[in-house]
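J.: Residue strings, one per chain:
There are 2 protein chains.
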Amino acid sequence: MFDIIAFDADDTLWHNEPYYIEARHELEQLLSPYQPASVVERRLLEIETHNVNLYGYGIKSYTLSMIETAIELSGGRVSGAEVRQVLELGKRMLSASVHLMDGAESTLAALRQEYDLMLITKGDLLEQGDKIERSGLAGYFRRIEIVREKTARGYRELLESHNIRPERFLMVGNSLKSDILPVVEIGGWAVYIPYEHTWAHEHPAGEVSHFGYHQIERLEELPGLLARLKQ
Amino acid sequence: MFDIIAFDADDTLWHNEPYYIEARHELEQLLSPYQPASVVERRLLEIETHNVNLYGYGIKSYTLSMIETAIELSGGRVSGAEVRQVLELGKRMLSASVHLMDGAESTLAALRQEYDLMLITKGDLLEQGDKIERSGLAGYFRRIEIVREKTARGYRELLESHNIRPERFLMVGNSLKSDILPVVEIGGWAVYIPYEHTWAHEHPAGEVSHFGYHQIERLEELPGLLARLKQ
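For the protein sequence lines, the chains are W and L, in the order given.
All the letters of the first sequence, read from the start, carry residue numbers 1 to 231 under this note's numbering.
All the letters of the second sequence, read from the start, carry residue numbers 1 to 231 under this note's numbering.
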């Protein structure tokens, strides 16, 4: 039924968003002499959104946006020592350990018996490469692709380059915008596993209704769903 | 004789290092109230080298290292407005136009008549992807690979995944460490085109002597060299 089951990585196989939220809380703390937390939260999101076209995704981009936020919200009064703390926040994020989602490893181990597995993640090449290595999951995947953006066109090109027909391709992920909608758009299958802290940018408009679309609550439900789809 | 001729991008097909040098000069200017230019130059290189394992290559990494240098060399006295200038330096680098090397386009156009061409560049996925797009050269390449590091193992895996035998692979680049030595190590061919400002990290120890190794001074000499090799 499927030639390849592909997984997103951040917030699908391992936790990612909590590190960003934790760093934001530390920034709010650091900037509390200048502005209330709610202002820091809102302005950081705006600056991040504005910078994403130039900087892309990832921790280095986030660090640069945090520094920009600190300068702006302090009216330029932020000290060298405070900016250094932001740099250190970023470095801590870059070397943080990878926490797998419940059941990630056992689910991949079970599925690998029957399917070829692939990892398709977007973001910074070095950061994602490091996380994949540290996750200990690399060995489960026949292919690992780190891409700039996950668009319908991007998926189409990826599948073509691997000679995979969309109707035999299943993507599993936590982002409707990146993992689900573009895949059903090109005629593939998609399993949505919402993550509690999904990033505000990622919320799409409307609802998904498509024969290839399914939703589960936890990664461990995936083998059961695939067994039902095969019937 | 060759199935693929692969090119490095930065400082082989287009200028890259001058943008870094120019940004460094602006940083030296900015930090002149705190330290002499020679100290800034030396300390920035040390901080960059130290950070490269965590940050990787690219403009965002360089910007973060410039900010760290500014904080350290000012003894924390650098102002928010000064840090903002460093952020802006980085943003300017990210959106700078791409200046092709002399003869880049005509050389690729000529070689494409006879060979499959490939681009193999390391660095930040988003930054390199943008530059390739803006260079206008993407259409000359059958394959474009953006990789984390250019090592013998990396080239071996890349060639295997494309079913290319090393003895039928030729790599063209300006870095002995990244483009030349690992390729001759795995039994491939390599053409070295030194760039005047090659980054200090890239200088290897010793000299290269290998049947597959050749050096030219300008990209435009490449078709002539290939014609001689074929005889």
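Do not take every clue at face value.
[What the hints assert, rightly or not] Partial pick of chain W residues on the chain L-facing surface, computed with a CB cut under 10 Å:
#1 A81
#2 L125
#3 T151
Rather than coming from a laboratory, the hints here were simulated on the basis of the structure.
The beta carbon of each residue, even a glycine, is placed where N, CA and C say it ideally should be.
J.: Please go over all the hints and tell whether each is borne out by the structure.
T.: The hints, checked one at a time:
no., hint, verdict
1, A81, "5 Å, holds"
2, L125, "4 Å, holds"
3, T151, "13 Å, violated"
Checked against the numbered hints listed earlier, the structure breaks hint 3 alone; every other hint is satisfied.
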